[in-house]
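Participant: Residue numbers (numbering that gives the first Met the number 0), protein chains in the order written: chain A, 0 to 368; chain B, 0 to 368.
Hints are computed from structural coordinates only; laboratory data are not their basis.
Among the hints, erroneous ones may be present.
Note: identical chains are not told apart, hence a pair may lie in one copy or across any two.
[As the list claims (entries may be wrong)] DSSO-like mimics (lysine-lysine), calculated; alpha carbons at most 27 angstroms apart, straight line:
1) LYS366 x LYS324
2) LYS22 x LYS229
3) LYS29 x LYS110
4) LYS358 x LYS190
5) LYS190 x LYS283
2 protein chains.
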Amino acid sequence: MNPQNQLLNAYKQTAYPLVGHGKRNLHILKHVLNEMDENLESDTYGTGEVIENFQKKIASFLGKESAVFFPSGTMAQQIAVRIWCDQKGLKKVAYHPLCHLEIHEEDGLKKLHQIEPVLLADKTRVIRLGDVVQLKEDIACLLLELPQREIGGELPEYRELQAISAYCRENGIKLHLDGARLFEVLPYYQKPASDICDLFDSVYVSFYKGIGGIAGAILAGDEAFTKESKVWKRRHGGDLISLYPYIVSADYYFNQRLDNFEQYYVQAKELASFYNQCHAVETKPFVPVSNMFYVYFHLPKEVIEPVLISMYEETGIGLTSYVRKVDETTCYCEVNVGDRYAPVPKERIQRAFQILNEKMSEIIGKKSS
Amino acid sequence: MNPQNQLLNAYKQTAYPLVGHGKRNLHILKHVLNEMDENLESDTYGTGEVIENFQKKIASFLGKESAVFFPSGTMAQQIAVRIWCDQKGLKKVAYHPLCHLEIHEEDGLKKLHQIEPVLLADKTRVIRLGDVVQLKEDIACLLLELPQREIGGELPEYRELQAISAYCRENGIKLHLDGARLFEVLPYYQKPASDICDLFDSVYVSFYKGIGGIAGAILAGDEAFTKESKVWKRRHGGDLISLYPYIVSADYYFNQRLDNFEQYYVQAKELASFYNQCHAVETKPFVPVSNMFYVYFHLPKEVIEPVLISMYEETGIGLTSYVRKVDETTCYCEVNVGDRYAPVPKERIQRAFQILNEKMSEIIGKKSS
Chain A
0 MNPQNQLLNA YKQTAYPLVG HGKRNLHILK HVLNEMDENL ESDTYGTGEV
50 IENFQKKIAS FLGKESAVFF PSGTMAQQIA VRIWCDQKGL KKVAYHPLCH
100 LEIHEEDGLK KLHQIEPVLL ADKTRVIRLG DVVQLKEDIA CLLLELPQRE
150 IGGELPEYRE LQAISAYCRE NGIKLHLDGA RLFEVLPYYQ KPASDICDLF
200 DSVYVSFYKG IGGIAGAILA GDEAFTKESK VWKRRHGGDL ISLYPYIVSA
250 DYYFNQRLDN FEQYYVQAKE LASFYNQCHA VETKPFVPVS NMFYVYFHLP
300 KEVIEPVLIS MYEETGIGLT SYVRKVDETT CYCEVNVGDR YAPVPKERIQ
350 RAFQILNEKM SEIIGKKSS
Chain B
0 MNPQNQLLNA YKQTAYPLVG HGKRNLHILK HVLNEMDENL ESDTYGTGEV
50 IENFQKKIAS FLGKESAVFF PSGTMAQQIA VRIWCDQKGL KKVAYHPLCH
100 LEIHEEDGLK KLHQIEPVLL ADKTRVIRLG DVVQLKEDIA CLLLELPQRE
150 IGGELPEYRE LQAISAYCRE NGIKLHLDGA RLFEVLPYYQ KPASDICDLF
200 DSVYVSFYKG IGGIAGAILA GDEAFTKESK VWKRRHGGDL ISLYPYIVSA
250 DYYFNQRLDN FEQYYVQAKE LASFYNQCHA VETKPFVPVS NMFYVYFHLP
300 KEVIEPVLIS MYEETGIGLT SYVRKVDETT CYCEVNVGDR YAPVPKERIQ
350 RAFQILNEKM SEIIGKKSS
């Protein structure tokens with residue numbers, strides 16, 4: 000077995016894996032269906048109570064006029080950007096260099112919609128007002144991701160968002176929110192979702208990240224926008240005869256977990272502080288602003304993997320199932336806090352980090368001696 | 000209530016609605032999950048046993064090297080056509096004027112892929128070899144739908160398919176099968192699916208029509224083709240983190256119903272013959288070649304609707320939930336035979352058609368007197 004699989008296996012075998020909500024198995028869906036009336040009729044190509052009620056509910060939660068359920072955020076966001084570009088007659092969108100559309104979608108936006116991205120800011124930080132103001136070319140749409148996942152989940156302050164929004168409105172630029180993890184940042188902003196969404200013309204939220212559903216997304220905006228998005232949803236092949244397996248689970252876990260995000264956020268700050276107490280380990284952000292953060296180990300991947308495995312075996316605590324190489328001296332992983340964290344005895348977590356720290360110190364000591 | 004809703008309601012209230020497998024409610028999915036191990040792990044962005052095993056199984060059934068599960072046929076077929084067009088460097092596909100891509104997809108093929116369709120044959124009949132040979136322009140791909148749903152589900156003979164396939168291969172034209180209802184036509188051809196699919200370079204099949212699953216499709220072809228289709232699947236937003244709700248139900252109902260299509264076909268022929276014994280009613284095809292056919296009533300929509308409703312109420316047999324206007328003198332509906340047909344007492348069906356015939360004769364008699 001290669002070391003990568005060894006770490007994954009060791010993580011899976013721990014009594015207390017700390018990341019996320021739990022296993023993504025059939026139980027997640029079965030549990031929801033067992034709570035529901037089996038006579039509930041399927042949605043049919045975007046119509047029917049099951050889809051329409053959920054769309055209304057989330058539109059209202061986000062403070063938007065209307066909402067459409069999509070099978071994926073990839074589909075929803077390309078479509079949002081396309082609508083704004085078509086409306087302005089300009090096929091240009093500005094977003095972060097580590098935007099999902101830029102790095103995870105096989106260039107769908109370019110290949111299917113012929114839309115040209117303008118990259119704002121650099122890979123180490125979030126987009127600021129200055130980046131937008133300094134733009135040398137006109138754009139139809141600006142996309143902001145809250146939190147900026149690929150840099151550990153960083154956030155601009157609310158006042159900066161307000162300023163960006165005001166600037167965009169004055170300058171005829173539509174503002175789109177990649178809110179894949181919007182629920183996760185509400186505790187940081189200490190605001191209802193509608194206060195954030197008010198700043199944006201269109202909003203996408205996901206139901207399988209913090210919410211922990213099976214898959215699926217909502218795209219929200221005004222009535223004319225969502226109406227047009229349904230036409231594009233059909234063109235993309237996303238207007239399925241039945242989306243209810245995703246909808247009923249999104250609704251169920253939304254109800255179940257919405258009030259937990261405050262707790263996940265507090266716990267993420269605690270967990271990050273444990274990491275930051277270890278030798279040659281640091282989190283980004285140093286103090287998390289949501290339930291997620293990145294962990295950087297200042298040791299080579301091949302060195303940290305066996306350290307983690309032996310700590311897992313000794314303590315029964317699993318910190319991560321993988322680490323990814325940054326360069327010859329550093330590797331990292333993403334951590335997000337969900338339902339799994341709370342039930343773990345605190346002293347066992349602390350003991351695990353104590354042992355991790357001892358092992359790290361020993362290695363660093365050897366290296367520098 | 001308008002007459003259309005009245006017919007739908009009357010149909011729903013019959014003891015024996017004759018069309019399809021049954022209600023599309025949550026039970027369909029719950030029943031499958033109850034049969035399965037809830038510890039089965041979700042697929043993850045196209046990987047994992049649950050998706051890979053099903054893809055292999057259907058590839059083998061279709062006699063193709065490889066297969067990919069898609070959330071929809073709309074997505075799968077646009078992608079198939081795109082791949083063949085890219086390969087030839089020619090953005091032209093030929094298909095029937097009533098092809099799904101032409102009339103049900105909001106022009107996704109044109110708007111997302113800039114592919115120009117060339118319409119073959121006319122709206123009353125299937126594509127013949129002559130239509131292909133007489134093409135005045137080069138095309139990258141020819142799409143054939145078996146059966147041609149929008150004309151009642153008509154089929155070319157197998158020998159004609161062989162001739163078209165041979166012509167396409169000689170002339171560098173890729174042949175794609177819209178096999179949304181492929182399982183449904185195997186009894187007519189009396190051949191294994193692989194004998195049909197051998198004639199085509201790429202094949203799409205659906206799992207929520209005759210199979211009766213929740214949603215989802217398979218696109219099959221050679222390894223290079225399916226590999227490229229996965230890249231486009233991600234671009235379209237169809238590479239969901241979890242497709243298993245569709246996959247496990249597709250697999251379950253595929254196993255359950257595959258051997259029933261012969262029976263549905265025989266029953267469709269019987270049911271069509273009952274229709275054809277009625278005054279001013281005829282089916283297309285006159286003798287069905289699959290489990291489906293269209294029924295034409297040579298009376299105005301407003302006249303036939305109350306006739307059907309009163310017959311349903313008198314007999315407890317529901318023939319159709321709707322009729323659609325063709326012109327001032329004719330309307331039609333689509334009928335497909337599934338699990339619901341077999342358990343209905345034959346004499347009750349015959350009695351229903353007898354009464355329908357009497358009512359039709361009376362009206363026609365009055366009209367002509």
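Participant: A separate judgement is required for each hint: does it hold in the structure or not?
Facilitator: Right, here's what the structure says about each hint:
1. LYS366 x LYS324: within (19 angstroms within a copy, 83 angstroms between copies)
2. LYS22 x LYS229: This pair counts as between: shortest inter-copy Cα distance 25 angstroms, intra-copy 33 angstroms.
3. LYS29 x LYS110: Neither: 37 angstroms inside a chain and 38 angstroms across chains, both beyond 27 angstroms.
4. LYS358 x LYS190: neither (42 angstroms within a copy, 66 angstroms between copies)
5. LYS190 x LYS283: within (23 angstroms within a copy, 61 angstroms between copies)
Hint compliance for this structure: hints 3 and 4 are broken, all remaining hints hold.
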